[in-house]
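S.K.: Start from chain A and add chains B and C according to the hints.
Chains as they are written, first to last, in my numbering: chain A, 1 to 783; chain B, 1001 to 1289; chain C, 2001 to 2158.
To be clear, the hints were calculated from the coordinates, so they are not data collected in a lab.
Ideal Cβ placement from N, Cα and C applies to all residues, glycine included.
All the pointers check out, no bait thrown in.
Calculated lysine to aspartate or glutamate pairs in the DMTMM-like style (CA-CA distance at most 25 Å, straight line):
no.	chain 1	residue 1	chain 2	residue 2
1	A	126	C	2019
2	B	1228	B	1157
3	C	2120	A	712
4	A	53	A	125
5	B	1285	B	1240
6	B	1019	C	2069
7	B	1055	C	2017
Quick partial rundown of chain C residues pointing at chain B, CB under 8 Å, derived from the structure:
no.	residue
8	2044
9	2062
10	2113
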Amino acid sequence: MATVERVLGKSIKRREDPRFITGRGTYVDDVKLPGTTFAVFVRSPHAHARIKKIDTAAALKHPGVVAIFTGKDMTGVNSLPCGWLLPGLKVPPHMPLASDAARCAGDPVAIVIAETHDAAEDAAEKVKVTWEVLPAVSDTAKATAKGAPQIHEVAPSNEAFTWQIGDAAAVDTAFRGAARVVKKKIVNQRLVANPMEPRACLASYDQANGDLTLWVTSQNPHVHRLLMAAFVLGIPEHKVRVIAPDVGGGFGSKIFLYNEETICSWATKQIKRPVRWTSTRREAFLTDAHGRDHVTEAEMAFDAQGKIVGLRVKTIAAMGAYLSTFAPAVPTYLYATLLNGVYTIPAIHAHVTGVFTNTTPVDAYRGAGRPEAAYLLERMIEAGAAALKLDVADIRKKNFIPKFDNGFQTQVALSYDSGDYGRAFDRLLEMVNYRKFRGEQEAARKQGRLLGIGFSTYIEACSIAPSKVVGSLGAQAGLYESGKVRVHPTGGVTVYTGSHSHGQGHETTFSQLVADELGVPMESVEIVHGDTGAIPFGMGTYGSRSGAVGGTAILMSLQKIKEKGKKIAAHLLEASPSDIEYTGGQFQVKGFPGKAVPFGQVALTAYVPHNYPEGLEPGLEETSFYDPSNFCFPFGAHACVVEVDRDTGQVKIVRYLAVDDVGNVMNPMIVDGMVHGGIAQGVGQALCEGAVYDDGQLVTGSMMDYAMPKADMLPMYETDRTVTPTPVNPLGVKGAGETGTIAATPAVMNAVVDALAPLGIDHIETMPLTAGRVWTIMKSAKR
Amino acid sequence: MYPAAFEYHAPTSVKDALKLLGKLKDSKLLAGGHSLIPMMKLRLAQPKHVIDLGKVKGLTGIKEDKGAFVVGAMTTHWDVESSKALKAKVPVVSETAAVIGDPAVRNKGTIGGSLAHADPAADMPATAIALGFEFVCEGAKGKRTVKADDWFKGLMETAIKANEVLTTIRIPMLPAGSGACYMKFPHPASRFAIVGVCAAVTIDKKTGNCTKVGVGVTGAGTKAVRAKGVEAALLGKKLDAATIEAAAQKAADGVDVQADLQGSVEYKAHLCRVFARRALEAALKRAQG
Amino acid sequence: MKLPVKMTINGQSVSHEVEPRLLLVHYIRETVGLTGTHVGCDTSQCGACTILMDGKAVKACTFFAVQCDGVKITTIEGLAKNGELHPIQQGFWEKHGLQCGFCTPGMILAAHQILERYPKPTEDQIRHQLEGNLCRCTGYHNIVKAIQWAAENMAGKK
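This is chain A alone, in the form it adopts within the complex (with noise of 0.2 Å):
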């Protein structure tokens, strides 16, 4: 009887790094084809200009120049699509190839394509556009107001929507009788996802079959392909192959139907070769999608206690130039609807309105409306503190929902899953040891010096999402996943899942899990993604869904394949299906180890279906698609210690510590490296990123500009977990991609503001928190 060792929930190496730290992945701008052109975009420099007139004479004139394409060329083509639309959404054109205006800096008028990179790079500066400067807005705040500059027809003063959630009435009574108010403006800044890869596209038609193949570092290769072919180009799904290989990191910012890839896709049918489009820097910041950037007023009431009575939000969410794909979602469906947070908040209400600015699009950015909405209630809660002169730890101790094991209904439409607030909270301020600090601070009051504690307990809408909930609120998309099992004769294998690896490590944990089902070893399991061409139709990974909804596909397929096993090993033991279990790697009879066959032995038999039963169909094959029933509910408690400079307004992180919850853990090296990196980003919004325009130029626009933390700004981060697990899918997993990104943000500003809390600071209303920040802060504090 063979038996494997169980592996899913162990910290197993992981099966993709040996290409990785050989140089050998394939990432897009790595694949070669021969006869392949380079392409170039000429791009507005003007954030708001009417295109006059676009010469391209003189460029085509440049030796090596195969093409040049303008918006008037591509004919027949429709906008890029918005795939959430909410009742009253101004929906405006978006062509890929703009042709009456430029509507942002980097709006793309022209493509130029060469045999060289170099001959498209120095063609395209030859390409002349004559513009029309148009006035421009690209503050969020102000896109509304009397006399702003009208960016589309639609949309006559800038509004893209307006929407809301809660009950209006059940808020204005609760503040009524509230004992204390706390009323802050909060702005949630503008960030740019920088994955350390650039977009990249290479984009071949084939005369002979008419087929087209897209190579693109897209996290999701089917909605890529159904947007751009049905919706965009009008070419046949099942003409286009996507391919999205290895691709180094997305952070959301490469789930979107890009101009790029769209253009180039429609371009290799024109000139009937490859062409190959990879992004510069420069580009990235110009052009990939932003996140963020929410201007809010928030109003939370409490009671004498310190229990919240109420919610009032008002947010103002930039949409940016256009629409992109998920855009509308972002600030209203994943934020407001996470505006309940770990606490009991009887009353909730939240307006929102997306405006249009003349700016890059902004669309979901890792946490995607869950970190603005954790932000919020993490500044607020410990606003009330102070207000309240209440220990920030006691008030939240005092507000969290009590543990629950099958749902609770939010006042903002979610039903969470599970949860245990106060146990990982508790087990943080253990792992802080709290009241030390407290003391360790004091002391260091006294010398002068300020250090200060932040917390942050977030919640988010995770294992997204169930198909019909997100319909009904204008998704224009099921969120479901697709996972097909394929066992070969030999007893192999392969797993060919919809969700998409960009640093998750799939490769790893899915064949953990299918080792485990199936007892057989990970080294005779393959996982495939990234192919629409080898794979069922996936929506791919963003939102922490590829535990939580791919891997329940996958469990789906692999339960279908036992359930088949055992019909074919009852043949083969003359026994009764239903007398059948599969352990150990073989099918016995139920308490009969030695009536067994093994899984191999059932494999080759479903291929050579000789001594097999009547009515059953060869094969051993499975395809899933599960739709889950819910969100899932990560939860967790991070803590930030730092030190402020008094001479320069220097943040110091002096310890970094979280308790995450997201629910059973497949493997635990590869989650804590997702808290990891999570951690890394929300620090990085609190202290050093900002996507900061002027007038409708982007002012840090490379990495000269634009801090992202760096190994010396971290420590090494503390971290533990608590296991609550989901009842909504059969693995118990929440989804752990975005839970630091979420808490840390909030953690670390929340830290400041305590260690400027000497000086009479209780908000701070926007980040990042440069030193010169700070020092400002410092300089004009009441004390």
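M.R.: Chains B and C in isolation, oriented as in the chain A frame:
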């Protein structure tokens, strides 16, 4: 990301480099390339000719010569950072080199290239001024030496002439009883100096007075400058926390402070004062140590 | 006008005629065909293009190929010897020092120089010496652990 086309020349002697400089219109000298090449990649610089000094003999090396170090202009920041001789006798120069850019940049970027480029936020200019580096330029008509006070003329503008090559930098050793320190407040993204101050002091053993002081300030303005006010407030005095604090108040004088996303004019001027104080305190400690 | 250039990459001699403006990183990736060295930015910040040139870690994006006549280069592909991973590569694998893998070749070669110069580096030294290498995935925690693992495993193995 793709520079404009140019013609490449790799002379093997200063004489040949000078000939090329004289002959070729619209040319740039290429030293370590870590200021020029990034500019060319963004097409902010599009010289028709690039004259690579990488193969020119005799432009590298650190030698001692009569109370000074003679450093070849093409000596890399890493060689300056790791030089045992410099660390022993003028450690502040190695200390300054050690915070330029990052380790990979320091392996190729050169002391001469950086000082000739004179980025307003570069580190070494502050130390060059504080210590009184001397710049030896060679032209068709021969060599001339320019003092640090005459070297930094304006925004990325130095005293070097169009047809000259900076060949050598003379770094005077400090007299006995001296201490120097370079301190910077780095830009979180680029790691250039938002503010950088180099302070060098010499304390007379008998009197305890400061007999020599040099303070250079970089980063905040359009060029690195000598903090004359600070120096005047310290020269001849006994240095302690109070005198240093008072002198440091003048650190932003003469600096045309530029505001940007990292801070207001007020903040950056304040940083000049803070880092002047810190650099002076450290320099004093080293002088006394 | 193209110029001849000859260098040694991973022990192999390569020579081509190249345009002066061809960046070394593009020479390595496209002319020579070694795509393990990556391009992550255009301002020499990110370090994804880090290689070893005559033993020192440098950013291949900030050189013209024509400057590099006669140099010896090691790219990530040349680090493992006879199919045996270098301890630094092994350390990154053991300690989960990578997620998407894009910054990894540059990180590993930067780490190579760190351990050569500081065989017993402190955590501070490691973090400081990684100033020229950006990672967006790992938060650096496991990269530091990977380099510490390599340091321990390389001690006494000269």
